[in-house]
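From first to last, the protein sequence lines are chains A and B.
Going by this note's numbering, the first residue of the first sequence is number 1, and it counts up by one from there.
Going by this note's numbering, the first residue of the second sequence is number 1001, and it counts up by one from there.
Since the hints were derived computationally from the structure, they do not count as laboratory data.
Beta carbons are placed, not taken as given, at the ideal position from N, Cα and C, and that holds for glycine.
Keep in mind that the hints are not guaranteed to be accurate.
[As the list claims (entries may be wrong)] If the Cβ cut is set under 10 Å, some of the chain B residues that face chain A in the computed set are:
no. : residue
1   : D1090
2   : F1178
3   : I1196
4   : R1226
5   : Q1236
[Claimed, not checked] Below, a list of computed lysine to any residue pairs in the SDA-like style, where the Cα atoms sit at most 20 Å apart:
no. : chain 1 : residue 1 : chain 2 : residue 2
6   : B       : K1206     : A       : E130
7   : B       : K1010     : B       : W1062
8   : B       : K1122     : A       : K191
9   : A       : K191      : B       : S1219
10  : B       : K1206     : A       : C155
11  : A       : K191      : B       : G1164
12  : A       : K263      : B       : G1249
13  : A       : K206      : A       : G194
14  : B       : K1122     : A       : S162
15  : A       : K206      : B       : R1226
16  : B       : K1010     : B       : K1122
17  : B       : K1152     : B       : R1125
18  : B       : K1242     : B       : E1231
19  : B       : K1191     : A       : S162
20  : A       : K206      : B       : K1242
Number of protein chains: 2
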Amino acid sequence: MAGEHSRVGKMLVFGAGNVAYSMVPALQAVSGDRGVEVYSRSERSAAALGAAYGVEWHSGSWMPGGAYTVCVVAVPDGAVRASVERLEGDGRLVIHMSGSVPVMPLARGMSGVMYPLQSFAKGERSDLREVPLFVEGQDGASHDAIFALASKISCKVRTLSSAGRERLHLGGVVVNNFVYRLLALVQALGKGTGAIEVTDYEALLKTTMQRGLSADGGSRQTGPARRMDVETIGRQLRLVQKEFPRLLGPYVAMTESILSASKDEELSKWR
Amino acid sequence: MAGEHSRVGKMLVFGAGNVAYSMVPALQAVSGDRGVEVYSRSERSAAALGAAYGVEWHSGSWMPGGAYTVCVVAVPDGAVRASVERLEGDGRLVIHMSGSVPVMPLARGMSGVMYPLQSFAKGERSDLREVPLFVEGQDGASHDAIFALASKISCKVRTLSSAGRERLHLGGVVVNNFVYRLLALVQALGKGTGAIEVTDYEALLKTTMQRGLSADGGSRQTGPARRMDVETIGRQLRLVQKEFPRLLGPYVAMTESILSASKDEELSKWR
C-alpha cells in the first residue's frame, strides 16, 4: 500500500489566500501518507501558510516536479488561467477553485474545477464537511478523479457545468455579498438610535433563513410590499430619504421587486 | 396571594392572527392563576384560537368588563388605533404590538407598546425567550408595567421610543422581507440549472449571518463589487439581463450600494 501511496504523489496547494488556508488542513486530513505542500509567489505568504500548518512551502520561480500529481489552484480569479497553464504536466491533475472561471482543458494531464460554495477567511475555521463542492472536469477521467477527492473532503459533492457554476456563483454573490450589505446598512441604521443592537435581529434573521432556504416552493414573502401597503412604504421611504439616504437605492429596488412578484401572484389568482 | 392574583384580573389577547397565536401560550406561561382569554371580530377565528390553546373566546360586539386588567392588541397595523380606543378602561393596561404605530396615550387607564422583533406564523413555534421585546409606555407607570410583563416572556427586553421603533421596524423589513426576497430569487435562479438546490447556500448564508450580526464595527464586505472587479460585475450583469431579468433591479441597486461604500472606504485611506 505504501507503494501505491507514493505512486499517487504529493499534493500542492497553489496560492496562500483565504481559500488556501481552508484547503491545506482539508487536504492534510485526506492525504494519507502523501504529503501536502504549498506555493505562493510571495515568500512571506508562502512561509506564513507553511508555518500555520507545518507543511513544506515554495515560492517565487519554483516549479513543481513530477512528484506532484495533484495541484489545487486557490488564487484570485484573474490569476487562475496563468496558474493552471503553468502547472500543466504529464499525468498531473490540476484543479482550480474559482466560481467564475470556466474549466480549462489542458493538452497534457487532467484539469477541472472544485468550487466550494463558501466564503473563507483566515481567522475563521469553516467545517468543509458541510460546504457543498461543485465539480467539473475537462473529461470523464478528470471529473471522476476530482469527484473522488471532493467526496473525501465534503459530504455534499455535485457535478456542475461551467454554465451552471456561473449561476451558482451569481447566487453566491446575492446570498453572501448582498445580504451582508443589507445587514451592514441595518447595523448603521440602529446606531443612530443608541438603543438597537444588530444582534437584536438574530431571531428574525434565523426565521428568514429557515423560510428562505426551505425548498417547499410556496412563497413565504411577508411585509408591507407583499401586502401592497402603500401607506407604510411611503412612511418608510420618507424616513429613509430624510435620515438614511444610503438605504434608498436598496429599499426602492427590493420593494419594487417584491411588489412586482406580489402583482404576478395576485393576478395569477384571476386567470 | 390568591387575592392578589384575582385583583390583577384576567388578560385578553385581542386579535387572532399570527402574533396572537404566539402571544397566547406566552401569556399562559406567565399568567399564574389569572386567566388568558381571546377575542376576534370573526367568530370562526376566535373559536379556532380558543380551541388551539383551550382558552375562553369572545367575538363580534363583545366588550371586556372590569375583570380584564391587561389587554394585548395583536391586530393588523390599520386596525390598532380603533382597537386600542375600544379597549380603553379604568385601571386597564392596553398594550399594542405594532412596529409602525406610535404609542397611543389614553385618558383613562394605561397604554403602551410591546413590539416583538420577529415574524410569526401560525404553524411555526417561535421561542419567545429569544425574541427581543421593545417596550414603550404613555407614562412611567405604563412603561414599568409593560416592561415587567415583557421580562417574564423574553430575556431580551429594551425600552424604545416610537421614533426608535420606526427605525427598528424599517430594519426588520430589510432583514426579513428583503433578505427573504433575495433568497427567493436565488432559489428561482438555481431551478433553471436542475443541479442547484437552495439548501446548497446554507453554509454560505450562515457565514454571512455570523459576519453581518457581529458588532465589531469593521467591514467584512467581500465580493466583486467590494473589489471593484468590473469584469465580473459586467459578466454577471449580462447573465442577469439575458436569463434572469427579475434579478436586475436588486443586482444593480445592491452592487451600487457596495461600490459606493467601497469608494468611501478606499478614499478614507488617502485622507
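Problem set entry | Hints that the structure is at odds with (numbers, increasing) | 1, 8, 13, 14, 15, 16 and 20
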